[in-house]
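2 protein chains.
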Amino acid sequence: MKNYLLHDEWKIIEEGFNPEYNRISESIFSIGNGRIGQRANFEEDYTGDSLQGSYVAGVYYPDKTRVGWWKNGYPEYFAKVLNAANWIGIRIDFDGETLNLADCQVSAFRRELNMREGYLERSFTALTKSGKKVKVAARRFCSIADDETAAIRYAVTPLNFSGTLTITPYISADVKNQDSNYDEKFWLEIMVKTKKKQAYVLAETKKTGFQVCTGMKFAIHREGKEIDFPSSLRIQKEKYAGCTVDLKCKEGQETVVYKYAANISSLNYPNEDLYEKCKEAVDRAFTKGFDQMMADQAAAWQRKWDEADILIEGDVAAQQAIRFNIFQLYQTYTGEDERLNIGPKGFTGEKYGGSTYWDTEAYCLPFYMATADQHVGRNLLVYRYKHLEKAIENAGKLGFSNGAALYPMVTMNGEECHNEWEITFEEIHRNGAIAYAIFDYIRYTGDQGYLAEYGLEVLIGIARFWAQRCHYSQRRKKYMIHGVTGPNEYENNVNNNWYTNYLAVWCLKYTAEALAHVRKTNPTALVAIANKARFDEENETRNWKKIAAGMYLPHDEKLGVFVQHDGFLDKDLLTVADLPADQRPINQKWSWDRILRSVFIKQADVLQGLYFFEDKFDEATLRRNFDFYEPRTVHESSLSPCVHAILAARLGKRDKAYEMYLRTARLDLDDYNNDTEDGLHITSMAGTWLAVVKGLGGMRVHKDILEFDPFLPEKWETLSFKIRWRGFFIETKVTRSGVVLINHADGTLDVKVLGTKVRLKGNSQTEIPFK
Amino acid sequence: MKNYLLHDEWKIIEEGFNPEYNRISESIFSIGNGRIGQRANFEEDYTGDSLQGSYVAGVYYPDKTRVGWWKNGYPEYFAKVLNAANWIGIRIDFDGETLNLADCQVSAFRRELNMREGYLERSFTALTKSGKKVKVAARRFCSIADDETAAIRYAVTPLNFSGTLTITPYISADVKNQDSNYDEKFWLEIMVKTKKKQAYVLAETKKTGFQVCTGMKFAIHREGKEIDFPSSLRIQKEKYAGCTVDLKCKEGQETVVYKYAANISSLNYPNEDLYEKCKEAVDRAFTKGFDQMMADQAAAWQRKWDEADILIEGDVAAQQAIRFNIFQLYQTYTGEDERLNIGPKGFTGEKYGGSTYWDTEAYCLPFYMATADQHVGRNLLVYRYKHLEKAIENAGKLGFSNGAALYPMVTMNGEECHNEWEITFEEIHRNGAIAYAIFDYIRYTGDQGYLAEYGLEVLIGIARFWAQRCHYSQRRKKYMIHGVTGPNEYENNVNNNWYTNYLAVWCLKYTAEALAHVRKTNPTALVAIANKARFDEENETRNWKKIAAGMYLPHDEKLGVFVQHDGFLDKDLLTVADLPADQRPINQKWSWDRILRSVFIKQADVLQGLYFFEDKFDEATLRRNFDFYEPRTVHESSLSPCVHAILAARLGKRDKAYEMYLRTARLDLDDYNNDTEDGLHITSMAGTWLAVVKGLGGMRVHKDILEFDPFLPEKWETLSFKIRWRGFFIETKVTRSGVVLINHADGTLDVKVLGTKVRLKGNSQTEIPFK
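Chain order of the listed sequences is A and B. Counted from 1, the first sequence has number 781 at position 685 by my numbering; the numbering is strictly sequential. Counted from 1, the second sequence has number 706 at position 610 by my numbering; the numbering is strictly sequential.
There could be a bad hint or two in this list.
To be verified - Coverage of chain B stretches by chain A, computed from C-beta distances (three or more under 8 Å per stretch; other residues unrestricted): (1) 493 to 501; (2) 563 to 575; (3) 835 to 846.
As the list claims (entries may be wrong) - No more than 27 Å apart at the CA atoms, straight line, and that leaves these computed lysine-lysine pairs for DSS-like: (4) B:Lys167 to A:Lys447; (5) A:Lys373 to A:Lys293; (6) A:Lys654 to B:Lys573; (7) B:Lys486 to A:Lys685; (8) A:Lys160 to B:Lys281; (9) A:Lys857 to A:Lys400; (10) A:Lys167 to B:Lys685; (11) B:Lys167 to A:Lys272; (12) B:Lys447 to B:Lys375; (13) B:Lys272 to A:Lys167; (14) A:Lys493 to B:Lys685; (15) A:Lys447 to B:Lys447; (16) B:Lys281 to A:Lys281; (17) B:Lys486 to A:Lys160; (18) B:Lys654 to A:Lys573; (19) B:Lys160 to A:Lys272; (20) B:Lys447 to A:Lys160; (21) B:Lys848 to A:Lys281; (22) B:Lys321 to A:Lys98; (23) A:Lys685 to B:Lys160; (24) A:Lys167 to B:Lys98; (25) A:Lys160 to B:Lys167; (26) B:Lys167 to A:Lys167.
No wet-lab data here; the hints were simulated from the structure. Heads up, the beta-carbon is just placed ideally off N, CA and C, and yes, glycines get one too.
Sequences and hints are given; from them, build the entire structure.
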């Protein structure tokens, strides 16, 4: 755990040069706009420790699988988000000496991420080896107002000398992924082009054949005006294009480089148009100019904050943390493109390949549903609909037939990428999460039409999978699901994981409900779906019903709890309190077998189920299970604490709820797990939002009614959050004395607050005091 | 399954050139002498498909581990037997055209492995691209009489031309392992040296720093006499040394190259002496000459056959198969060096790295105990004793303490090399097999002194491991062992595997017995061992006793069988008869999860236990378990059928016993599993021996008495085998009418035959008719 960043309500601030933390800061100070993401690498050359990272959404590479021992059914490749062309680079030389902070004495170093307006700023003074002192101030952002473009303002001032300043803005696609399995570079050059003050690199990914054109145009200003320079040397190398400008510079004279860049990919345009489109985008940005682009950026972010901000008064660290999380989520995914999704590290690192996990459905969807327009959540669902065929193929590879669909654990394009048998083949609960997301989306938005349009087809594929994946035990006269890994990945290949079995039953039942709904509301659609899926409704649904009724759901009478899986209670039933501090985190201290046979839980399966289906269980049941499983959970998944926070809040365990909220809120800012250097835990950030809004805020939907049951942590003065709800826009402010709800829409809305029905009139505010 | 080899009692014969089977033949026709092993690669150049393989026992390379996803506790490297210098190479050119069968029309190709005399022979006629017709006859062997040396006789005759014949005998260490994880070469050159008619390469392995000097000296003969040649060009390249001789040759004139080679490793001499020792060995062979060496070789093999041969009359295929297995086992391991062991593929391929597995203790030890001097089996045990410290370190890495020892799953020098968590960390029954081998060795040889000298220390380490590896389940009031993989590797991470739990209990009890024995027979040794191991006898043994008494041993009352592991009976209890033929072998047709959750068994755990501890169970119990587990076993491990053969024979299921024997007897000769190209299944060959001697021959030891309960498969006329037994040498001949036992020793021996006590007088023969 580190603590080198300053606390501020709207900014992330690093003061002082911390090369030992550079990779961490590069992750934290990342900028992005959903189309491109950029780690906080330096514009000028830097030979110190750094993870160079520029990413273009949807552009990936199928890196040949690397395993120790091959198992039948493993995928041939792991799709990876590509480190794409470096568009930020501006090489700076003074009298032939290259500016490189690794070689300098650095002072007054400051890095600042302005979340309100959406930019990254960095300034420092450097003393070079030859004794030259120079001041630099740089600002850059990826535009969310025009998401093909980005801009940099880079100001450099010699402090103790005059001489020749050489400036080389460039684009370089000669990059590689640090996690490349076989140490190859993934890009091939198609074209390199330079023009006056412009440079373009068009590159293609090996195997996948994605093309990306990255370009830039620059201007140099002094005293607020663009200056002309006699000539510039154009440099073209393999996958590299740049322009070198030599200028006389005087002590104390500031020279400002404005670099306007664009990344245009073949996802959005035909290959033959990429260069032209890139040139257009670069020109557009250049013409608009840095200041106007910056103003547009601030305005666009303001619109996002107006809808999604959470205000915490009385706790700057908490305020900073929740805004950081919201900011990074929206930098990663804006919801405008149904082909994109949310990688666990977003565009802030290479780890986990930038691929899609069940995190999206289980954790991110509620955030986007509540803070963005309905089509954003819908696009997340449609992403999986578009992968249905691949999910059916994937199930086919594992021996399933008749249209059974198994969604991949990790994917970029719908195909499975992961290659640990206990995960790839066995962590099948993900299939349930994808069905649950359809239910959750419809429950939250009321968009029942989604079922006929997309949802039902997916549900049928998933239900068919469960029906084939279980077997009937003659001995026990029950249906069972053997050989699974639940969300608690500290158990592998277990039998009858309660969460998985319960979810399977729920999927079968919900699919039957969905069928009934579509039959009633859109019978024509049902016929079309049934034909397409060759659905034998009568026999298949009869079978589903039998399985749902006969499924074994392990339960212990004596403890009154659901049993995580067969044999769990045979373990040595220690609690985390029995674990010496020096043994934690167990995933760094213990060998895998020891973790597996211990009682300790990475993230609690059973509680995940109780969270998803909270209203199916009475409070006593929730409590018994929480009290049994929570003390055995080590929360070594960043996705774990939010679920515990929500349940703890539901059970009135406020200290526990707040403790759980704290576990993830500043996970990256304080580098809690010593892994922020690999990238930010983007999907966990949605978990933090859940912990605040569904946990502390007590927001939930029950029988089509929005409910709030909030409380305020002791340290906080107020907590305010905003949510969208079926066309309404509701602001909730929790104070010491009570809850204030503001209905920003015109219509009236009935909600439940602190257990009582409350009618919220349009455009007005209602206060409900704490009892 | 292939059938291209001719059946012969003493030879393996390939007639006709089968380049598509070349790798298979290269494995099958391998030669070796326990110190070096050589695949049946061609002496002359060959650009067709081939797995070049020359191996030097005990010389390995720690290849950096390659995994998809790292788990705590994985070893850093996988030790691999190294492909070592090519010492067989003789390049042949006619008028500048290189002889290469891949470019020729080949006729009269014949390859023959003479098992009686221990050599490989090959002859062919080749028509080259330019139309030259040439005849070649080559013979080679690795001497077992002088195991540092080897010799080749290579005769070449131009059939339709006269011209220049260029002969280049050479040594090349510029080789690599095909299974190198990162495609590197493992050898560094130390020295390359040529002298007249001689060439030497001294090379060192990277990281491990083993040095091997490989050298050769050659002579060229015509008409039975060495000929002189004016000069030879000496060639030295990186890691390569050779001599090129140009000779005029006449149509029909035979030229014979005699090449004498030696491989000398730093395992046996200081580095600085290797070249001299190699030169000495080469000279020794050269001076002795090919014919005398060949005579010594035949005589040495005759001595081995006198002791280890099995004679089967009436079935040439079976006769050939059992001799092939015995031959290859003795080519792999001679038992003279306690630092060496038996890799699953011996020195016939790279797969499994040539490392040591539990195969040695469970399958190979009985073969060597019965067919070789007592010190051979003892050396196999001492190998593990020497690794005890590493086994304690290995256990330490997995969280065990106080001298608990976990022997590695796969090892070269005592350190664990494997990296699949479900095997490396969980297939811990291997530890039991190592303890069992001590028991088995003492039971068979009567060498009780072994306990005080070596055995007890190992047993204490192993017992300590089991005591820590189990836990007490408060719920079930039983000790349990969770998270294991049994010999049936088609189940991973299961709880309470009956075989493992039973073996653990047995280890604890046997260690206590061993303690008592050493206390009685050698109290001084006991004190020394206890001090060295910091053994708290009172408390530790009290704990062992408690665990042994309280261990949970899953048993099903209704079926009357031991339960493979918790939950096994909850499966869909199909039998192999329910499996469509096109689904087999399941390890090639099914994804891993499907295999795991199926009932099908790779090799039967429970039956392995019943085989080890047969005399602890009544026949009805053996039968119930056999009848339950055998029909569910797919025998996809080559180590599986022998155990079933033995139990089937024990239960009077003669057809089943014979069927099981057939499953492995010709496994490699007929390439049953389509993998002989990777190398031979050396350790399984011991299993075949077990199937014959312990299965069909019904040989077992019960209460210090040797028993025989043989039967003759219908097709066979006689079966004869020889075994050593506590200083005796007993020949057993089974005929249609009965059993003939010949006691070749002077003393009298009481044995049990067909259930009846029989007294075998010294140097005489006793006949016991079948009833």
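Take the C-alpha atoms of Lys321 of chain B and Lys98 of chain A, compute the straight-line distance between them, and say whether it is at most 27 Å. Answer violated: Lys321 of chain B to Lys98 of chain A is near 83 Å, above 27 Å.
For the pair supplied as a hint, Lys654 of chain B and Lys573 of chain A, is the alpha-carbon distance within the 27 Å limit? holds, 16 Å
Verify the proposed pairing of Lys447 of chain A with Lys447 of chain B, using a straight-line Cα cut of 27 Å. Measuring from Cα to Cα gives roughly 32 Å; hence the hint is violated.
Checking C-beta pairs, does the stretch 835 to 846 of chain B have three or more residues closer than 8 Å to chain A? Violated, because only 0 residues of the stretch 835 to 846 of chain B bring their Cβ atoms closer than 8 Å to Cβ atoms of chain A.
Hinted pair, alpha-carbon criterion (27 Å max): Lys373 of chain A, Lys293 of chain A. Please report holds or violated. Holds, at about 17 Å.
What's the verdict on Lys447 of chain B and Lys160 of chain A, does the C-alpha distance respect the 27 Å limit or exceed it? Measuring from Cα to Cα gives roughly 22 Å; hence the hint holds.
Lys167 of chain A and Lys685 of chain B were given as a pair; does the straight-line alpha-carbon distance stay at or below 27 Å? holds, 11 Å
Quick one, are Lys167 of chain B and Lys447 of chain A close enough, alpha carbons at most 27 Å? holds, 16 Å
Is Lys654 of chain A close enough to Lys573 of chain B, meaning Cα to Cα at most 27 Å? Between Lys654 of chain A and Lys573 of chain B the Cα gap is close to 16 Å, so the pair holds against 27 Å.
Does the structure keep Lys167 of chain B and Lys167 of chain A at a Cα separation of 27 Å or less? holds, 17 Å
For the pair supplied as a hint, Lys281 of chain B and Lys281 of chain A, confirm whether the alpha-carbon distance does not exceed 27 Å. holds, 23 Å
Given the hint that Lys486 of chain B pairs with Lys685 of chain A, test it: the Cα-Cα distance must not exceed 27 Å. Roughly 20 Å between the alpha carbons, so the hint for Lys486 of chain B and Lys685 of chain A holds.
Hint compliance for this structure: hints 3, 12, 15, 17, 21, 22 are not met, and every other hint is.
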